[in-house]
Structure formats: C-alpha cells, structure tokens
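Model the full assembly from the supplied sequences, consistent with the hints where possible.
Sequence order for the protein chains is E and H.
Take the first sequence: its letter number 118 is residue 1063 in this note's numbering, and every next letter is one higher.
Take the second sequence: its letter number 100 is residue 1045 in this note's numbering, and every next letter is one higher.
If you're looking for bench data, these hints aren't it; they were derived computationally from the structure.
One should not assume that every hint holds.
A pair counts as met if it fits within one copy or between any two copies, since identical chains are not told apart.
To be verified - In silico DSS-like cross-links for lysine-lysine, where the CA-CA straight-line distance does not exceed 25 angstroms:
#1 Lys1070 / Lys1006
#2 Lys1063 / Lys949
#3 Lys976 / Lys1055
#4 Lys1038 / Lys949
#5 Lys976 / Lys1063
#6 Lys1055 / Lys1000
#7 Lys1038 / Lys1055
#8 Lys1038 / Lys1063
#9 Lys1070 / Lys976
#10 Lys1006 / Lys1017
This is what each chain is made of:
Protein chains: 2
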Amino acid sequence: MLLKLDLQSEIPIYTQLRNQIIEGIGRGDLKYGDALPSVRNLASDLGINLHTVNKAYTLLKQDGYIQVHRQKGVVVNPEGMPPIDEDFLNKIKDEFRPIIAECLCRGMSKEEVSLIVKQIYTMIKEKGR
Amino acid sequence: MLLKLDLQSEIPIYTQLRNQIIEGIGRGDLKYGDALPSVRNLASDLGINLHTVNKAYTLLKQDGYIQVHRQKGVVVNPEGMPPIDEDFLNKIKDEFRPIIAECLCRGMSKEEVSLIVKQIYTMIKEKGR
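See the structure below:
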C-alpha cells in the first residue's frame, strides 16, 4: 500500500498517516492480521520523525484498528475491526455535525449532502482498483 | 438563540461557539443581518475568555458567515451566506473523508452512512422547533 503525505497540508502528518491506514483497511488493501512497517522503518521510508509515526500508531491502536506487539511487530487487528457501537456512532455524529451544519447554512439540500457522502464512500472504496 | 457550551468536551470552546452559530444560521434562528452580541458581552454572558469569543468570531468572519463592524457591531452576513464553490466542496470532502473511511472500515454500508448523515441534517434543522 502506497502512503502519500502532503507536507504542505494543514492536517498534521500523524493524522494523515492514521487516516490513510484506516482507508487502506476500509478498502481492503490492508487485511486483518497484515503486517505494517515498524515505527522506525516507516519513519525512515517516509522521511518523517519517529514520534510522528508513533503518534499515528498509538491512535490506531487506541481505537482498535491495529495491534502493536513487541515481538510480532505492528499488525492490522487480526480479530477484525472495532464494532459499530453507541460510542462510535456518537463520535461520528459529533464529527459529521459541524460539517453538515455548514452545508445547511450555505443552502445545500439534504439530498445534496447525502450524495456527496455517498460519492466519497465510493471513492475511498474504489481508489485502489 | 441559546448557546450551550460543554466545558468538559475535548472540542475547544471557540470551535463549539463557531459551530453553534453556524447551526443557528442553518436552522434559521439567526437571520441574515441579525445582530450578535459583542465579544465583550458574549464572553461575559457565557463566563468565558474574551479571546475565546474573538477567535470564534474571527473564524466565522474569515469564512464569510458574519461581519464585524467597528460601529454596527457583529452581524450575520446581511448579503447572505458564502457560496457552495469548489473551495468549499473540497474543504467538506476533506473533512468528511476520514469519518467515512472509519465507517467503511467498521463495515457500515454506503446506505447506512448516508442515513446517519440525513438524520443529522434533519436534527440540526428541526432542533429549534
């Protein structure tokens, strides 16, 4: 899986890294149990700081997307992805809400917002093909 | 319009303030040209720092949601809301994308994500009624 970082972006590198790994899993490029590069190797390959990779991995681990073993290294959670529970639904609602409010504010209809969301879903899913 | 801040939230107060004013406009509680409290008054009413209100107003002004006049004070942009241009569409796509990727990763279907988005849209719109 190819990771592309935008060093000019306002989005922190560790967030970009986290997001791309999640997209990779979502798209199926990364399968449950797949090995990810060590912190050291990934930092070296991407030419970024160890702490940046470490921060991305820590977030992914906290959310249950990956496991970090001292011996086996870093792997996509072999037990599968974390569930769609109430905590997760509340979290995504909190995240979606201000974006949707801006759309509403500028006069976008519910259907228009929903269409954009569906397009993004498809784009993430098919990007790898 | 009633502003409710969650001081325990991880979301910065200025972001909460900004988001709620945008929701107020989106819902129609705040109309184009409506006066908003001065920085000083709002900070005093909410018991928060002047700089926090100032930061929220600065963001809203930058995005074209409000105007800040030395004499007329703070008003919802009387010329209407900023347009749904390519910049805005790119911005919301960038914001939507990581949330949708997480949904995909956890196995939510396109329809399920779209339904949640529609529910939030309706909730924002009808909250004031």
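Hints, one by one, checked against the model:
no.	hint	result
1	Lys1070 / Lys1006	within (22 angstroms within a copy, 36 angstroms between copies)
2	Lys1063 / Lys949	within (23 angstroms within a copy, 31 angstroms between copies)
3	Lys976 / Lys1055	between (34 angstroms within a copy, 20 angstroms between copies)
4	Lys1038 / Lys949	between (28 angstroms within a copy, 17 angstroms between copies)
5	Lys976 / Lys1063	within (23 angstroms within a copy, 31 angstroms between copies)
6	Lys1055 / Lys1000	neither (36 angstroms within a copy, 30 angstroms between copies)
7	Lys1038 / Lys1055	both (15 angstroms within a copy, 16 angstroms between copies)
8	Lys1038 / Lys1063	both (16 angstroms within a copy, 11 angstroms between copies)
9	Lys1070 / Lys976	within (14 angstroms within a copy, 40 angstroms between copies)
10	Lys1006 / Lys1017	within (15 angstroms within a copy, 51 angstroms between copies)
When each numbered hint is compared with the structure, a violation occurs for hint 6 only.
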